[in-house]
Every structure is written in C-alpha cells, then in structure tokens.
Amino acid sequence: MIEFTLNGKTQRVDVDPDMPLLWLLRDELKLTGTKFGCGVASCGACTVHIDGEATRSCQALVGDLDGAAVTTIEAIDSPAAQAIQAAWVELQVPQCGYCQSGQIMSASALLTETPRPTDDDIDAAMEGNLCRCATYARIRKAIHRAAEIMEA
Amino acid sequence: MLHYLNSKLPAPQPTRRTFLKLSAGAVGGLLIGTVVPHRSVAQSASMGDGIATPFVHITPDNRVVVISKHLDKGQGAATGLATLVAEELDAAVEQVEAEHAPSNPEVYANLLFGVQGTGGSTAMANSFDQYRQAGATARAMLVNAAAAEWGVPAGEISVANGVVSGGGNSASFGELAAKAAMQEPPAEVTLKSPDQWVYIGNHFPRVELAQKTRGSVGLFGMDAQPDNCLIAVTARSPRFGATLASMDAADALAIDGVEAVLQIPQGVAVLAANTWTAMQGREALALEWEDGSGETRGTDEILADFRALIDEPGLPSNPRGDAAAKLAEAAQVIEAEYVFPYLAHAPMEPLDMTVLYDGQSATFWGGSQIQTIDHGTAAGVLGLEFPQVAINTRWGGGSFGRRATPDAHLTAETAMIGKAWLDAGNAARPIKLVYAREDDIKGGYYRPMALHRVRAGLDADGNISGWEHRIVSQSIFTGTGFESFVVHNGVDHSTVEGIDDTTYAIPDLHVDVHHPQVGVPTLWWRSVGHTHTAYVMETMMDELAQAAGRDPVEFRLAYLGDDARLAGVLRLAAEKAGPTGPEGTHRGVAVHKSFNSYVAEVADVRIRDDGTLKVEKVTCGVDCGVPINPDNIVAQIEGGIGYGLSAVLREEITMTGGEVDQENYPDYEPLRITDMPEVEVHIVASTEAPTGIGEPGTPPIGPAVANAVFAATGQRLRDLPLTKHGLV
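If you're matching them up, the sequences are chains W and P in order. So the first sequence is numbered by our numbering: it starts at 18 and just counts up by one. So the second sequence is numbered by our numbering: it starts at 17 and just counts up by one.
Hint data in this document are derived by calculation from the structure and do not stem from the laboratory. Any given hint could be a false lead.
Label pairs and their in silico Cβ distance ranges [as the list claims (entries may be wrong)]:
hint: 1; chain 1: P; residue 1: PRO281; chain 2: W; residue 2: ASP140; range: 44 to 52 Å
hint: 2; chain 1: W; residue 1: LYS158; chain 2: P; residue 2: THR672; range: 14 to 22 Å
hint: 3; chain 1: W; residue 1: LYS158; chain 2: P; residue 2: PRO329; range: 50 to 58 Å
hint: 4; chain 1: P; residue 1: PRO242; chain 2: W; residue 2: GLN99; range: 28 to 36 Å
hint: 5; chain 1: W; residue 1: LYS47; chain 2: P; residue 2: LEU573; range: 53 to 61 Å
hint: 6; chain 1: P; residue 1: PRO281; chain 2: W; residue 2: GLU144; range: 19 to 27 Å
hint: 7; chain 1: P; residue 1: GLY183; chain 2: W; residue 2: LYS47; range: 48 to 56 Å
hint: 8; chain 1: W; residue 1: LYS47; chain 2: P; residue 2: GLY399; range: 30 to 38 Å
hint: 9; chain 1: W; residue 1: ALA141; chain 2: P; residue 2: SER181; range: 50 to 58 Å
hint: 10; chain 1: W; residue 1: ASP35; chain 2: P; residue 2: GLU306; range: 33 to 41 Å
hint: 11; chain 1: W; residue 1: SER95; chain 2: P; residue 2: GLU694; range: 27 to 35 Å
Cross-link-like lysine-lysine pairs, in silico, DSSO-like; alpha carbons within 30 Å at most [claimed, not checked]:
hint: 12; chain 1: P; residue 1: LYS740; chain 2: P; residue 2: LYS633
hint: 13; chain 1: P; residue 1: LYS630; chain 2: W; residue 2: LYS158
hint: 14; chain 1: P; residue 1: LYS435; chain 2: W; residue 2: LYS47
hint: 15; chain 1: P; residue 1: LYS592; chain 2: P; residue 2: LYS435
hint: 16; chain 1: P; residue 1: LYS592; chain 2: W; residue 2: LYS158
hint: 17; chain 1: P; residue 1: LYS195; chain 2: P; residue 2: LYS208
hint: 18; chain 1: W; residue 1: LYS26; chain 2: W; residue 2: LYS47
hint: 19; chain 1: P; residue 1: LYS592; chain 2: P; residue 2: LYS630
hint: 20; chain 1: P; residue 1: LYS592; chain 2: P; residue 2: LYS633
hint: 21; chain 1: W; residue 1: LYS158; chain 2: P; residue 2: LYS633
A quick note: this is a predicted structure, and the numbers were derived from the prediction, not measured. In this text, a Cβ means the ideal position worked out from N, Cα and C, and glycines have one as well.
Chain W on its own, in the form it takes in the complex (with noise of 0.2 Å):
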C-alpha cells in the first residue's frame, strides 16, 4: 500500500510499486486528463506536478510517491495556473488539443517559479513539451500574457 496526496486528497493505493504514475493516473483512477504521449519521457504530454515541480509522469514510478504531493491538469488552481489557463483561451492557443494538458502543467510550473519569465526561461521550461500541432508561437505568447495577467 502507497500512500500520497493526490489533488489534495489522501489517496490510498495498491499496485505494482513499478507501474509508472502516467498509467496508476489514467487506467486505474480513471483521470485521463494526463495524456499518454512517447512513455519515454521526450515529449512531456504526460506532465503533473509532484511537489510543485513539473514531472514527467511516464517516468515516476509509484513506488517511489509515499508521501508526495501530485497535482493533475484536473486539480490545478493556483493564481499561476488560472492565469495560463485564462491566457490558453485568450489567445486560442490549442489546436488539437492532445499535448496541451502537459502544456500548461509546465508553464504553471514555470510561472509559479518565475512570475516574469523571459523568452530564454520559457525556452528551457517549456522545450521538453512537444506539439506537433506547432502552437509554440502562440504558447510563448500565452505564458507572456499570463505574466500579466498575474500582475494584474
């Protein structure tokens, strides 16, 4: 049995300590809001955060969660991701979608970190997150505006 708090709640479970979270999370309690996307950590669509920092999921093993904090796409409410969140839409940032949860899970990372970032920190937060419908002009933008919007 594994314990850790997942979206602010104890969460309590027993499984093969092997299994990778990205999967505990989406076949097991059923929150497919963290997309499978390369299981090799090179493309970040899998992102959550655990303990405030942006994690691959595919590559954390819950075994290895006995006691952690982990926030999915469906959970996260901080000032920094309702900015990014409010910035997505203003700016029509998703095409089709699929990557953007991993997306936003590492700008509200980056964000919370660094409230003001330049265009070489979005560079190194954001460069592990791939989208192959190239929505990254708009995503620069989209973490830029919610800068100020956090300002606000």
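Since the structure of chain W is provided, determine the placement of chain P on it from the hints.
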C-alpha cells in the same frame, strides 16, 4: 489528401420535412438515394424536446449543438461548421457547442467524397452551403414558432445574438425550442449576403477550447474508457509483410493482470486490465517471424533501385510542348536530383480504437477520419450488417492524414481483437487497442520516399527554355477505394501534383513518373505530394532566377501572368516582409497552390556561428477564398509551417534490412519550441468560395528555408532532412 475527388455532387436542397436528399455513389456501394426526415437522427434522444435536425440541435436549456460531420483533429473543422450555423442562426457565441456526428453516410457524407470522411482540406469547401442552410432553417423554425406564440407576423420578428424579438416580446432560443421543433421546416431559406455576416470573416472562438485547457476530459479516443474496459497492445512483425512463424506466450500469460494473448492476422494482441501490464505482457512474448514476401530491403537499397529507374523514361503526365527540343537549344541547362525520405505523421495522440462487440452488434469509439470505410470494414470483419455497427467519432489528437486510412487497418485490427476475444469463449467486454509511440513510428503508412530529377533550361535572355521532370515514388492511391479518382493512365496524380499542373507559364514541360513496388505502406501526409513537389519546383525556380541574374520574386511573377491569385499572395507576402528581415538573417521565398488555396512564404533565416540554422521569421500571404474564421486560418498556417519545418529540419524514417531504424521521439524528433519561428500571416479578403487551409501552409516552408540557406551559404540543399547538411 482527397481533394482529387472534385466531381461535385448536387448541393443539398432542403425540402418539405427533410433536410437532405442525397443520391451519391460511394466507395463500397454503401449509399443509395435516401431521404432523411428531420428529428430522426441518432443522438436526438439526449436533446430533450428541442430542435433536433441532422446538423444542429437547439435544446430547451438554450444550447446550440452543432453536429460536426467532420473529424476535428485540431484543424478547427468543428468550430468552422459552428461558425456557419451560428452565422445564419444568429446564435450567441456562448451558447454554441459542437459534437461529432454518428457514422451515417446517407446524412453526413462529405459532398466531395460521397462518403463520410475528412481530408484534403475540404471540410469548409463542401459544407459552406450545407451548414449555413441548416442554420437558416433552424432560425426560420424559431421565428415561425415565435410568430405563432406572440401573434406577430414572422416578417416583424428579428433574431440577434441568440435572442428572438418582435412585437414587444423577446425569448431565448431555449424558450422557443420545444415549439420550434413542431414547426415545418421551410421549403426554402434565403442565406445572408456577405455584408450581413457577423461571424464569418471576423472571429468565432474555438468551441472546445476551455475543455482543452482542463485536460480535454472525454474528448479523445485514447481517453475512452467504457466500464470494464480491457487494454490491448499488439506485437507486429519487425518487417512489413512478414508473418508469424511461432509464438510462446507462457511468460506473458504468467504476468498478473494479463487476461489473454490472441493471435490475429496483424500479429499477437496482449489484453490486460491496464496499459502498463499489457505492454509488459507484450515484452514477455517470444515470437518468431517469417519474411515471406515481406520487404527486406533497407532504404539505401530502395533508393538505389529508384536511381536505377531514374534514367528510364516513365509514364508521362500531362506533357506540354516539346521540352526536349527546347532544352537542346537552351543556352544553359541546370540539372538536379532531389531525395526525400519516408516520413511518419507522429500525431501526439498515438493511434487507438475501442470496440465493444457482443456477437450481434459492435460499437466503436475513436478518431475515425473516414467513418464510412471504417464502418463498412468493421461490419465486414465481424460479419455484421451496416446498421449493426456504430462508430462514435472522438476528437482527434492530431492526424495530419494518419487517421484517414483507406484500408481501415486500425478499425480492422480492433474488430479482429474483439472477435478473437469473443471467439475464445469470453463474455463481451470493451477493448481499447492502444498504439505505443514505437508502434506509431515503426508502423508504416509513411509519406513515401521520392526521388526527383529535373533538367531545366534557360535561353540567352534568361527565360525558361524547356523543363524535364522525372519522379520515382510509390503510388499512395493505387489499391485504395479512391484509386479511380486519382490514378489515370498509371500515374498517381498525388505524386506529380504541383508540377504537371503548375500555373507557371512554362510551355514546354515534360513530367513523367515511375511507381515502383515497395513493401512499405504509404499514406497521405499533410499536403500529400506537395510535400516534395513544391520543394523541387520552388527551389528550382529560385535556382533558375539566380542563374538568370534576376530577383526571385520578380522572376516568379513573370511566369504567373495566368494565375492572378498566386501572383497576388506572392506580392502580398513580399510587400509585408519588407526589403530585409531581422538583422543578420538571409531570405528565401516560395509560393505554391495546394487544395485550391494559395500561399506564399518569405523565410528569414539566421545561420548561427556553429553553422546551424534558425528560422527567425516567416511572413505569409494567404488566399483561401472567403476567410470564414481568420484566426483559425492564422493558426493553421502557423501549424502548417511548423509541421513542414519539422520535417525539413530533422524528420526521416530509414530502414535497415527491412526494419525501421527509428522508434520514438528521441530519434524521430519533431519541432520544438526553440525551433519555432515568428509567423506573420496576411489574408486576402477574398469573396471566392472557401477552400482548404489545413494543409496549404505546409508546402512552401521547406523551399523558402532552402532558398534562404542558399542566399546565406551558396549551398543548394537537395536531399532532406537538413541534419544531413550540418545545419541542424
């Protein structure tokens, strides 16, 4: 992809108590002339007592639900259709939603295909009248209901922003929905004139966007999870066309949670309670394969075989004039050979399809892009009649052509797993077939490899004097249900599109083609043949301009006298880009027509100190007819450029001994945010019929970048990707 199917069907005419009367030929003979009474369509049960027509539902709780016959896989088709309905309905933005239509080719055929399907950038082109008429008809029913309710002549009732008003009364659509549903649909409706448009040509936000910022819960096929659902992953042969020789599944079946190992024609499926366990089970299989008649060559050998053909005359494709004679008398001849690799689509959502099959009926969930073919194939595999199969189309997590499968291989494989599960004596359960990324990258259905050889002449005055162009590439369409539309006299037009039909005034142009047999499955990839033909045409035009000592824009314009729209976007992009790009950049230009849309791109490219390139800015001119939703046009051009640039920079599928060398994003790495240029899009305010926008942004970016690299380095780039040239 399927823009070739331009034998237009009659536009649907609303008639008394009907919305559609279509008589359409179809792939597989699935269609007959059919009349669909209104309120008879599936899904209406959940809509309460409101209006439930095939294309729009209006509910008592004041929602306008547009029924999208087209798969929205990010290109914005659902919002485009919603824009058309909302325009004629005078709905408010906030009340408009969209959902995918059930699979029913009698109602939801793409009017350019004759079957229900999405592709070839045809969604708006074939729906422009149909969905506006649907909106106008629903509006008339609301107005007539209000007239009866209020005792006010219909002519004195107005509708604006979701509110019906007249004679001092006003009501929401929802308040009128039940009574409106009892109104006879009018025999004829008058559509707005363009000067009356509120949304078309302005802005309509994407209908599903808020969901896509909160996890897209319930949208994608990959997220379908009917109760008690099993996950299936399939072990497929490492070489295309090989077959299973032997299997030992004992270790897989010993894994806790593995429910079954099922042999199917495509390979061996492992079924488990969750994806991770299914993948572990697959790893534990001991399988041996027989090559048989499968492909055992590597891409180097295949290319060598292509080169052996390039000296031999191929099948001619619309030759004009006498290219050989003009080349013989040319003052100079430029000869060049181009190599384009196989490319994977690699949409972010790997392929998936879910089925529940109980022996009597089957229901599928997934991002079906040609529903009619998927539907008919599923019925065939399962031995069911067409009405015993239902396909619930989910939003697609990207496609770029990959989900439009003319052999319905994904649906067929899913159906075979469902059948094998039942045949093994199990109780019916939903089963979701999941592709891992490795299955996607290694799984074929690639943009075909292509070899081009061009000989183009210039006369003493620097004018084009003869152009010979030979292409060796697999045919995509041969053997599909669409073959007769696209393959003529042995030539698959998708291989030569953009060359033999170029509107450059080149009077002596000889194009010919070889279509060798290769055992690698190929498929249309965003903009299909234009992915390589535009590259060759536009880098060669640049090379000719340079050899003639002329400005590349002026040189092209001199040959575009017969194509005012292509010339128009070229002038527009060149003007908006200004005389120079950002400091330290070099400039390249390309212009190309595809899917009846016209796009010019001016790329400003920096060569960094380490010799690698960065595309800093792309300035675009776009003419796609009436710009229905300008922001989506901008988005699709941005995305089309990103997708095309990704391929040019790094993408390449190679094979060794018949086995694909790449397997996942680390070795098939798409564009990242650090590679993305600034994109500036200028749209022509056209009044022509709307044309495609999902694909036309892709073809010009490769040659524009290559021409900029030439401007910077003097190097011509004739084989892709640019990783081969130390530029990435």
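Verification of the supplied hints:
1. P/PRO281 <-> W/ASP140: 44 to 52 Å: Given a distance of about 46 Å, which is inside 44 to 52 Å, the answer is holds.
2. W/LYS158 <-> P/THR672: 14 to 22 Å: violated (42 Å)
3. W/LYS158 <-> P/PRO329: 50 to 58 Å: holds (52 Å)
4. P/PRO242 <-> W/GLN99: 28 to 36 Å: Given a distance of about 33 Å, which is inside 28 to 36 Å, the answer is holds.
5. W/LYS47 <-> P/LEU573: 53 to 61 Å: 59 Å Cβ-Cβ, so the 53 to 61 Å window holds.
6. P/PRO281 <-> W/GLU144: 19 to 27 Å: violated (41 Å)
7. P/GLY183 <-> W/LYS47: 48 to 56 Å: holds (52 Å)
8. W/LYS47 <-> P/GLY399: 30 to 38 Å: holds (33 Å)
9. W/ALA141 <-> P/SER181: 50 to 58 Å: holds (55 Å)
10. W/ASP35 <-> P/GLU306: 33 to 41 Å: At 34 Å between Cβs, range holds.
11. W/SER95 <-> P/GLU694: 27 to 35 Å: Cβ of W/SER95 to Cβ of P/GLU694: about 30 Å, so the range 27 to 35 Å holds.
12. P/LYS740 <-> P/LYS633: holds (23 Å)
13. P/LYS630 <-> W/LYS158: holds (19 Å)
14. P/LYS435 <-> W/LYS47: Status holds; Cα separation ~26 Å.
15. P/LYS592 <-> P/LYS435: Violated: P/LYS592 and P/LYS435 sit about 58 Å apart, past 30 Å.
16. P/LYS592 <-> W/LYS158: holds (21 Å)
17. P/LYS195 <-> P/LYS208: This hinted pair holds, its Cα atoms lying about 24 Å apart.
18. W/LYS26 <-> W/LYS47: Given that 30 Å is the threshold and the Cα spacing comes to 15 Å, the pair holds.
19. P/LYS592 <-> P/LYS630: holds (21 Å)
20. P/LYS592 <-> P/LYS633: Distance of about 12 Å is within 30 Å: holds.
21. W/LYS158 <-> P/LYS633: Roughly 15 Å between the alpha carbons, so the hint for W/LYS158 and P/LYS633 holds.
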